[in-house]
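Novice: If you want the building blocks of each chain, they are given just below.
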Amino acid sequence: EAQVTQNPRYLITVTGKKLTVTCSQNMNHEYMSWYRQDPGLGLRQIYYSMNVEVTDKGDVPEGYKVSRKEKRNFPLILESPSPNQTSLYFCASSSRQIYNSPLHFGNGTRLTVT
Amino acid sequence: KNQVEQSPQSLIILEGKNCTLQCNYTVSPFSNLRWYKQDTGRGPVSLTIMTFSENTKSNGRYTATLDADTKQSSLHITASQLSDSASYICVVSATSGTYKYIFGTGTRLKVLA
Chain A
1 EAQVTQNPRY
11 LITVTGKKLT
21 VTCSQNMNHE
31 YMSWYRQDPG
41 LGLRQIYYSM
51 NVEVTDKGDV
61 PEGYKVSRKE
71 KRNFPLILES
81 PSPNQTSLYF
91 CASSSRQIYN
101 SPLHFGNGTR
111 LTVT
Chain B
115 KNQVEQSPQS
125 LIILEGKNCT
135 LQCNYTVSPF
145 SNLRWYKQDT
155 GRGPVSLTIM
165 TFSENTKSNG
175 RYTATLDADT
185 KQSSLHITAS
195 QLSDSASYIC
205 VVSATSGTYK
215 YIFGTGTRLK
225 VLA
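First to last, the protein sequences are chains A and B. Counting along the first sequence from 1, when you hit position 36 you're at 36 in the working numbering, and nothing is skipped either side. Basically the working numbering = 1-based index in the second sequence + 114.
Worth flagging that the hints you see were computed from the coordinates, not collected in a lab. Be a bit skeptical, because a hint or two may be false.
Claimed, not checked - Quick list of in silico lysine-lysine cross-link-like pairs, DSS-like style, CA-CA up to 27 angstroms:
id, chain 1, residue 1, chain 2, residue 2
1, B, Lys-115, A, Lys-57
2, A, Lys-65, B, Lys-131
3, B, Lys-171, B, Lys-214
4, A, Lys-69, B, Lys-131
5, B, Lys-214, A, Lys-71
6, B, Lys-131, B, Lys-171
7, A, Lys-57, B, Lys-131
8, A, Lys-57, A, Lys-17
Stated by the list, open to error - Pair by pair, the computed Cβ-Cβ distance ranges are:
id, chain 1, residue 1, chain 2, residue 2, range
9, A, Asp-59, B, Phe-166, 22 to 32 angstroms
10, B, Asn-173, A, Asn-28, 17 to 27 angstroms
11, B, Ser-172, A, Thr-15, 46 to 56 angstroms
12, A, Glu-1, B, Asp-183, 19 to 29 angstroms
13, B, Asn-132, A, Lys-69, 42 to 52 angstroms
Glycine included, every Cβ here is placed at the ideal spot set by N, Cα and C.
In isolation and in its complexed conformation, chain A is listed as follows (with noise of 0.2 angstroms):
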């Protein structure tokens, strides 16, 4: 089954404990988004990757990594987690040969950080 998935779907921690959310898709697809979803905001990008080796910042970057080593998998990473990023997380993918190809969403990570 064609699908992201990210993990962990609930991850609650303290404040500055270094932290990764996974994310795979098995589609190959060259493009992959991690986005945060926040009540009254909507989505907001955080960094993309339009294929292996090269990633880009979002619109809201601060505070976050990311590395796209294998085609397969992009995952976030929290050096210093803060409250303010308290937030439910989205990976994204879809197909850069497709025109017009829709994003595939994960099913999201909650985050809480105390």
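Fit chain B to the known structure of chain A by using the hints.
Specialist: Only chain B this time, still in chain A's reference frame:
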């Protein structure tokens, strides 16, 4: 500033009724407009994608329209079902190739039996 505004913020309708959700955008240059459905606790799922040359596109009971001149889109849901209860998100993409997506804040639809 690129923006996507959706209305209403929330909507309650009875099962079997029709409804229309609105999306206005100021994104330029425009590439395409997408509607997504997001069930509670799940990731958004694509319903329709339209380019500037398309006026209407259907996906089952969902019909999206686009007026590129007035920069408005609507999503019409026919004969609503309880499973239509979800948030509906309008997403506008800027120039093709940049993969820049601007998301609306969504309309939360509740369908009652």
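Novice: Could you run down the list of hints and mark each one as holding or not?
Specialist: Hints, verified against the model:
Straight-line distance between C-alpha atoms of B:Lys-115 and A:Lys-57 comes to about 18 angstroms, which keeps the hinted pair within the 27 angstroms bound. Using a Cα cut-off of 27 angstroms, the hinted pair A:Lys-65 and B:Lys-131 is violated, with the two alpha carbons roughly 46 angstroms apart. In summary, the hint linking B:Lys-171 to B:Lys-214 is supported, as the alpha carbons are separated by about 22 angstroms, within the 27 angstroms threshold. With a C-alpha separation of about 49 angstroms, the suggested pairing of A:Lys-69 with B:Lys-131 is violated against the 27 angstroms cut-off.
Among the hinted pairs, B:Lys-214 with A:Lys-71 is consistent with the structure: their alpha-carbon atoms are about 20 angstroms apart, no more than 27 angstroms. Distance hint between B:Lys-131 and B:Lys-171 is fulfilled; the C-alpha atoms sit about 20 angstroms from each other, no more than 27 angstroms. Note on A:Lys-57 and B:Lys-131: the hinted pairing is violated, with a Cα-Cα distance of about 43 angstroms set against a maximum of 27 angstroms. Annotation: proposed proximity of A:Lys-57 to A:Lys-17 holds, straight-line Cα distance about 23 angstroms (limit 27 angstroms).
Taking the beta carbon of each, A:Asp-59 and B:Phe-166 are about 24 angstroms apart, inside 22 to 32 angstroms as hinted. One distance hint, 17 to 27 angstroms for the beta-carbon pair B:Asn-173 and A:Asn-28, holds here, with the actual separation near 24 angstroms. The beta-carbon spacing between B:Ser-172 and A:Thr-15, approximately 48 angstroms, falls within the hinted interval of 46 to 56 angstroms. A hinted range of 19 to 29 angstroms is violated for the C-beta pair A:Glu-1 and B:Asp-183, which are about 41 angstroms apart.
Distance hint check for B:Asn-132 and A:Lys-69: the Cβ-Cβ separation is about 49 angstroms, which falls inside the suggested range of 42 to 52 angstroms.
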